[in-house]
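Enquirer: Chains A and B, in that order, are what the protein sequence lines are. For what it's worth, our numbering labels the leading residue of the first sequence as 1, then goes sequentially. For what it's worth, our numbering labels the leading residue of the second sequence as 1, then goes sequentially.
Don't take each hint at face value.
[What the hints assert, rightly or not] From the structure, some residues in chain A lie toward chain B, with a derived Cβ separation under 7 Å:
hint, residue
1, Gly93
2, Val96
3, Met105
4, Val107
5, Val108
I should point out that these hints are in silico values taken from the structure, not numbers from a laboratory. In this text the structure is predicted, and so the values were computed from the model without any measurement. Beta carbons are placed, not taken as given, at the ideal position from N, Cα and C, and that holds for glycine.
Chain by chain, the residues:
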Amino acid sequence: MANQTNTGNPNVDLAYRRKKNAEEMKHQVISFVLMIALTLVAFFAVGYDQFSHWFSVPFILLLAVVQVAFQLYYFMHMSHKGHELPSLFLYGGVLVAFLTVWAFMTVVWW
Amino acid sequence: MSTVARKKSLIWDYLTTVDHKKIAILYLIAGGFFFLVGGLEALFIRIQLAKPNNDFLVGGLYNQVLTMHGTTMIFLAAMPLVFAMMNAVVPIQIGARDVAFPFLNALGFWLFFFGGVFLNLSWFLGGAPDAGWTSYASLSLESPGHGIDFYVLGLQISGFGTLIGGINFLVTIINMRAPGMTYMRMPMFTWATFVTSALILFAFPPLTVGLIFMMMDRLFGGNFYNPAGGGNTIIWEHLFWIFGHPEVYILVLPAFGIFSEIFATFSKKRLFGYSSMVFATVLIGFLGFMVWAHHMFTVGMGPIANAIFAVATMAIAVPTGIKIFNWLFTMWGGNIRFTTPMLYAVAFIPSFVMGGVTGVMNAAAAADYQYHDSYFVVAHFHYVIVGGVVFALLAGAHYWWPKMFGKMLNETLGKITFWLFFTGFHLTFFIQHFLGLMGMPRRVFTYLPGQGFETGNLISTVGAFFMAAATIVLLVNVVITTAKGQKAEADAWGDGRTLEWAVASPPPEYNFAQTPLVRGLDAFWIEKMEGKKGLTPAEPLGDIHMPNSSILPFVISLGLFIAAFGFMYRTEHSWGLAVGIIGLLITLGSMFLRSVIDDHGFHIHKEEVLEAEKGVKA
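All chains should be modelled from the sequences, with the hints used to inform the complete structure.
Expert: The structure is reproduced here in structure tokens:
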């Protein structure tokens, strides 16, 4: 079960772990601030009446994708080692869902 | 084992068990029961069609029997029987002491069970569902009475159980393999279970969504499928088949896994082309999601969609062909023993290939306009489901029976079962290809004399009685074996290759006294070839941590069962809504209890393990 870098093992160098944790904290704060900023941008894009829907809808969808990536990689630790299989299943699911939706939008009548 | 067992009545023990081996037995009994029910319905269908203008089951009643035959066989017989095999074998095959979430395992079973009971109670409460197992919205929204409501709510509840079971096996196989059991050393049945569980994870949510829409439409005045209200009836067909096509691979991949084990064991050779088998299994799983619209060629999606889905469908024949040749090459030059499971395995190859060939025929979209809704399609899918899945489940039951119950099924009776079933199967379904090509439609309760359908249908009905006879012989075999069967050894067939044959039959509660060290594919075979009696341990003997049993999975499922009744009768009885809410409260309350009560399990102490192992190893 070597899934976490934080093993709880007292033999692991304490100073090293401190530094690691501080670095991680920094990443989390940065991504948190960025996510709030992105959310504000999204609200602005919808609220600003000079933008057409053809711009704002794809734009906020793009922002949503970026936010999901932040969420997964920084807050849910998918950037750490030992997350190969969750990634495989996530991207597998995304691929299957994408192909299905894509088929609906291009070839299937409904 | 007696030292470990605590004092409990047998029934309470099974109601509360979280042990994967006992849950396997529960799945086997419940799935077996529904298999008999579905089989009886099949017999009724065949009796009605035995002669033209018959009046045994007429009109609406025939529709109900036909719908329940399909629904029962797929959701309540084949699925749980597949889960019975997985639960009985997979944790032991990977060298684990249980599944990752024993509590969820029990919950999965009880949800399936109550969903199945709910669905079948429709027979006694005003009529069963009658829109076919596919329950197309244009038909089912118009169906009077509560039949379709039973279908929607019953399948929703049992679907939750299946989803939970699938996730459980994914986590188990990823995290709980013994040291040395790399992915490419996993037995083929474990691989099949892994891919199947992934398919369940991705395929069941569309069904859940489809059923929720249907529930909204039928019970709460929704308009998802109602064109008059701005909905679209085709959406159900898409959602159903986005689930439904992977579903057939969910059934057949474990069947492939079971046969892979059987071919290797009784040919006394390692499986030919193991890595290509793994590749083919994964590829079939992936392609299974790309082909759902081939069930809907006649809907009018247009030539481009039909062509793309036709080609994608035909592509699946390639990995399946890889598997067929690998099985043949496994037998090639092997030291073959024709035991009962091996007979099923050998008979499976030509039977399944025939189903596959008609599958490719159906996949040709232009030709499908001819086959669609005819008995040709009925013949096709019975050749793959019976010739593939049912053969595998019967083979697996004979193969692993000694492991599950500690006694060998009688081989003579087993072979009689096989020959009766094999003959009956081909007698019933082969002729249906031609009935279909001659124009006999599916799902119609009778036909007129003089159209040339008489002889074919009579032959088909006679075949069905052969299969019924086979099932009776199997039941007799089970009773005789239980009463005075010959006790099975750990390596019951003498040629076991995988880890489950290294532990006692039936295995002790903790499976392995010491977690084994896996040194290659067919781990037990390797040890035997080096002259060792048992497995190489990966850890010293110590206390074993076990989960406590719990009644909560039963109560959670019971709550949903009660709630389903309440919401179904909500509009016509004043007690409906109250009962619905009480049911949900029971479910949520027991989930709350599960969350707040700390349950640390218990330990089986080293001395008890030593005591228990003494009897076995001697």
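Enquirer: Would you mind marking each hint as holding or not holding in the structure?
Expert: Taking the hints in turn, this is what the structure says about them:
Nearest Cβ of chain B to the Cβ of Gly93 (chain A): about 6 Å, under the 7 Å cut. The hint holds. Against a cut-off of 7 Å between C-beta atoms, the interface hint on Val96 (chain A) holds, since the closest Cβ of chain B lies about 5 Å away. With its C-beta approaching chain B no nearer than about 12 Å, Met105 (chain A) sits outside the 7 Å limit, and its interface hint is violated. Because the smallest distance between the Cβ of Val107 (chain A) and any Cβ of chain B comes to about 4 Å, under 7 Å, the interface hint for this residue holds.
A least Cβ separation of about 5 Å between Val108 (chain A) and chain B falls short of the 7 Å threshold, and the interface hint therefore holds.
Hint 3 from the list above is the single one not met by this structure.
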